[in-house]
Amino acid sequence: MKNDNYLGLDFQDIKAPFEVDRREFIKLLGGGLFILFTVGDTLGYVQQEQRRRGELPTDFNAFLRIDEMGKVTCFTGKIEMGQGIITSLAQMLADELDVTLDSVQMIMGDTDLCPWDMGTFGSMSTRFFGPPLRAAAAEARNVLLELASEKLKIPVDKLTVEKGVVYQKLNRKNKISYAELTKGKKIERHIKDKPKIKDPSEFKIINKSITRVDAIEKVTGKAKFTGDMQLPDMLYAKVLRPPAHGSKLIDVDLSEVKKMSDVVVVHDGDLVAVLHKYPDIAEKALEKIKAKFSFSDSTLNNESIYDHFLEVAAPGRTVTQQGDIKNGEQKSKVIINETYYDSYVAHSPIEPHTAVVKIDGNKVTVWASTQNPFTAKEEVARALSIASENVRVITPYVGGGFGGKTTNLQIIDAARLAKITGKPVMVAYTRKEEFYYDSFHPAAIVKIKSGLNDNNEISFWDYNVYFAGERGAAHFYNIPNTNTKSFGVNRNSTVASHPFATGPWRAPGNNTNTFARECQIDILAAKAGLDPYEFRMKHLTDKKMIEVLEVAGNKFVWKKFQKNPSGKGYGIACGTDAGTYVAMIVEVDVDTKSGNVKVNRVVCAQNMGLVINPEGATIQMEGCIMMGLGYALTEEVKFRNGEILNKNYDTYEIPKFSWLPKIESVILDKKNEQPQGGGEPAIITVGAAIGNAIYNKLGIRLNRLPMTPERILQMIAKK
Amino acid sequence: MPELIKFKLNGKAVKVNVDSERMLLWVLRTDFGLTGTKYGCGEGFCGACTVLINNIAERSCSIAIKNVKGKEVLTIEGLMKKGKLHPIQKTFAEKDALQCGYCTPGMIMNAYGLLKKKPNPTYEEIVKEMDDNFCRCSAHKRIVEAIQTASKEVGGMK
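Chain order of the listed sequences is A and B.
Per numbering that gives the first Met the number 0, the very first residue in the first sequence carries number 0; after that it's consecutive.
Per numbering that gives the first Met the number 0, the very first residue in the second sequence carries number 0; after that it's consecutive.
What the hints contain is simulated information worked out from the structure, not anything from laboratory work.
It cannot be assumed that every hint is accurate.
As the list claims (entries may be wrong) - If you want the footprint, here are the derived chain A segments under chain B, 3+ residues with CB under 8 Å:
| id | stretch |
| --- | --- |
| 1 | 203-213 |
| 2 | 392-398 |
| 3 | 436-446 |
| 4 | 556-563 |
| 5 | 644-650 |
| 6 | 667-680 |
Stated by the list, open to error - Straight-line distance between alpha carbons at most 20 Å, and here's what the computed SDA-like set of lysine to any residue pairs gives:
| id | chain 1 | residue 1 | chain 2 | residue 2 |
| --- | --- | --- | --- | --- |
| 7 | B | K89 | A | S208 |
| 8 | B | K127 | A | E652 |
| 9 | A | K287 | A | E255 |
| 10 | B | K127 | A | N599 |
| 11 | A | K655 | B | E42 |
Ideal placement from N, C-alpha and C gives every residue a C-beta, glycine not left out.
Work out the full structure, taking the sequences as your base and the hints as a guide.
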């Protein structure tokens with residue numbers, strides 16, 4: 000291997016904290032075999048970012064190392080927030096390399112040690128990171144086999160590997176370990192051609208259920224989250240927050256708080272904060288500040304927001320278009336024109352946003368609960384007006400993200416306060432701050448006009464979604480005349496669309512879109528006098544969707560409805576997300592006195608291609624289903640004039656043990672297909688499946704999420 | 000006013016000189032460095048801060064340190080005996096009864112309190128007792144299974 004192949008590896012971004020370039024950095028790591036590889040992604044984000052920044056190498060953005068002890072380390076900018084990739088990525092590596100799982104270490108989300116990564120979201124880690132990681136591991140195995148072949152003087156095809164030791168197939172006395180092979184060596188390899196990866200029939204660790212590698216730390220309380228960092232001289236900061244979005248600080252009286260001993264008071268422009276070595280004393284100190292804020296100029300609330308949306312939306316963008324809507328409408332005997340509404344929903348991870356920042360000279364070190372440490376690094380550099388190479392972001396375990404930890408405001412607060420006070424500073428949101436600063440799942444509207452022809456087939460589908468986005472907006476049914484349009488934020492308008500931040504929330508947009516589409520399909524089925532399962536099958540041509548629906552139907556033991564509503568409380572919904580196909584059937588009970596919905600049973604079938612850790616993937620499905628009950632039944636952010644009215648869990652109800660339905664998850668065996676997303680898909684169908692089941696139970700239709708007891712009682716009263 | 004407060008923490012006699020109105024959660028985390036007990040909501044809704052006080056599961060975010068004077072406090076760090084996981088810890092790990100792991104110490108301590116009270120709880124009793132411990136990753140199904148298994152494994156907990 001010629002050394003000049005690697006000259007391009009040097010890049011400025013990795014200098015700190017060693018003040019050395021990438022090659023020097025690799026030297027510092029000691030000997031061993033390094034495999035450098037590129038993680039492509041179908042969206043092209045990585046490449047786009049690399050071009051934009053100009054300073055990053057385009058020849059690799061992840062690497063793994065087999066060291067002189069035979070230990071394998073994978074360096075990735077991805078982070079672990081409960082989704083389990085610390086285990087599933089290690090499984091892929093271990094299997095391709097033929098080493099034991101416990102000899103693999105994952106270094107994740109450290110911006111000094113790991114190559115640039117755009118962030119951990121969108122169910123992309125396994126889909127996009129998995130295949131190149133496996134290829135890199137396979138290449139490493141090839142290199143090690145070649146080295147063994149030279150050393151043992153036995154041709155490669157006569158060798159085999161088990162648990163990190165290369166053996167002669169016919170004489171196992173002739174053997175040499177990976178550790179011995181890499182000892183005293185410094186080998187760098189680039190992946191250019193695709194090395195052969197294992198056939199599913201050869202899997203020993205991939206596609207097997209493995210106990211999470213982080214489980215022991217997490218059940219013993221040893222797992223370190225950002226808030227568990229305790230640095231010498233560290234101060235806990237509490238920041239003065241406005242009462243409402245859009246209100247500004249007019250006047251502040253710090254005289255009382257300044258009398259408190261050991262409390263550091265900071266007033267720097269818009270930033271007012273108190274700091275103490277105890278977080279709870281800082282909290283008490285904050286209460287002593289007297290502040291006057293202006294009223295917010297926002298006059299919106301969670302009811303008026305929908306009219307506002309229709310006024311301010313940008314001109315629609317066509318997502319898909321086929322046939323002629325008008326023609327379809329003319330040929331329809333029944334036309335269904337419905338509007339669906341979704342609410343703002345909070346991410347509400349149990350770990351609130353937290354950050355610790357320490358500044359030594361010109362070197363800034365950040366520990367943060369973030370889904371995108373490399374973005375945070377840039378944000379800190381900008382906030383402190385320093386070069387980003389001076390900033391290192393380390394990501395400890397993240398206590399849940401769901402898309403919400405892609406905003407990093409708490410890190411900026413901590414960075415500014417660390418700079419001003421000269422001490423390490425922790426900013427950890429209270430639950431109230433967590434609700435206030437969350438980038439909510441956006442409220443949204445979906446208008447659907449559709450019809451049936453004389454053969455009870457869907458004749459046209461005119462779909463307009465406002466503010467949810469396009470994910471999941473396009474349908475997969477066989478409808479000759481289709482128009483799908485998406486309306487969103489008008490970048491040219493001076494009027495804000497939302498009164499506060501919104502952002503991606505587990506399967507962004509798809510919960511809204513799937514709710515609207517699958518409810519509408521159910522209404523059409525009822526109008527056609529057909530069973531909702533039968534009606535869907537009649538309109539499906541996509542073999543994958545047909546298969547998951549069949550599997551779900553068989554598992555549930557779906558019996559054809561003679562009439563709908565049947566009083567049984569059964570509901571179906573189908574959807575696709577992140578390349579994965581989902582079909583869900585639920586059974587609900589509704590207490591007609593209280594309006595409470597109890598979901599008794601959820602059957603979910605999913606085709607997600609190759610599954611790396613079947614148990615881990617099943618857990619993700621169960622998590623999606625249970626979390627989905629929240630957006631379906633109770634979760635709604637209430638607000639008025641810029642103020643977030645939900646301050647804690649007493650006014651924002653998330654799913655609890657007593658809601659737990661019987662969950663039956665089926666993952667189709669698709670070993671030979673590409674892996675698809677697993678962290679989000681099963682959540683998208685929960686709302687519609689429940690909505691359709693409520694209809695089947697009582698004959699009432701709820702077109703607004705969440706389907707709260709009050710809304711159910713209203714619909715019962717209207718009936 | 001600072002006050003010398005003595006109590007038993009994870010089996011050992013300890014004392015701490017702090018403002019007696021401070022909440023147990025923060026004293027555990029900052030004065031004792033026991034960061035396994037987590038802040039989740041600060042008002043006793045979510046259960047992330049659950050510890051045992053005289054064998055009863057309590058919310059440490061809402062109990063002032065003065066109220067544990069002379070009592071026995073058990074945190075997640077005190078559950079392992081002689082380097083061995085407690086059966087509840089073991090079944091939580093084996094049954095994958097966690098994802099991000101942030102609520103896990105509170106879940107385990109609350110389950111511990113339940114099994115102290117009712118060594119062989121029914122499904123309904125588990126759900127009722129665990130209902131105010133929140134898990135946003137939604138590992139509820141596995142958590143119930145882990146508690147059921149732990150209860151069987153030790154034939155009820157002594």
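Going through the hints against the structure:
For the stretch 203-213 of chain A, the stated coverage by chain B is satisfied: 3 residues place a CB nearer than 8 Å to a CB of that chain, which reaches the threshold of 3. For the stretch 392-398 of chain A, the stated coverage by chain B holds: 3 residues have a C-beta nearer than 8 Å to a C-beta of that chain, and at least 3 were required. Counting residues of the stretch 436-446 of chain A whose CB lies closer than 8 Å to any CB of chain B gives 0, so the stated coverage by that chain is violated, three being the minimum. Counting residues of the stretch 556-563 of chain A whose C-beta sits closer than 8 Å to any C-beta of chain B gives 0, which falls short of three, so the coverage hint is violated.
Using a Cβ-Cβ cut-off of 8 Å, 3 residues of the stretch 644-650 of chain A lie near chain B, which meets the minimum of three, so the contact claim holds. As drawn, the stretch 667-680 of chain A meets chain B at 0 residues by the rule of a beta-carbon pair under 8 Å; below three, the given contact is violated. A threshold of 20 Å between alpha carbons decides the hint, and for B/K89 with A/S208 the separation of about 17 Å falls inside it, so the pair holds. Restraint check for B/K127 and A/E652: the C-alpha separation of about 16 Å stays at or below 20 Å, so the hint holds.
Taken as a hint, the A/K287 and A/E255 pair is honoured in the structure, with Cα atoms around 6 Å apart against an allowance of 20 Å. For the hint linking B/K127 to A/N599, the alpha-carbon distance of about 16 Å falls within 20 Å, and the restraint holds. In summary, the hint linking A/K655 to B/E42 is supported, as the alpha carbons are separated by about 17 Å, within the 20 Å threshold.
In the structure shown, a violation is registered for the earlier hints numbered 3, 4 and 6, in ascending order.
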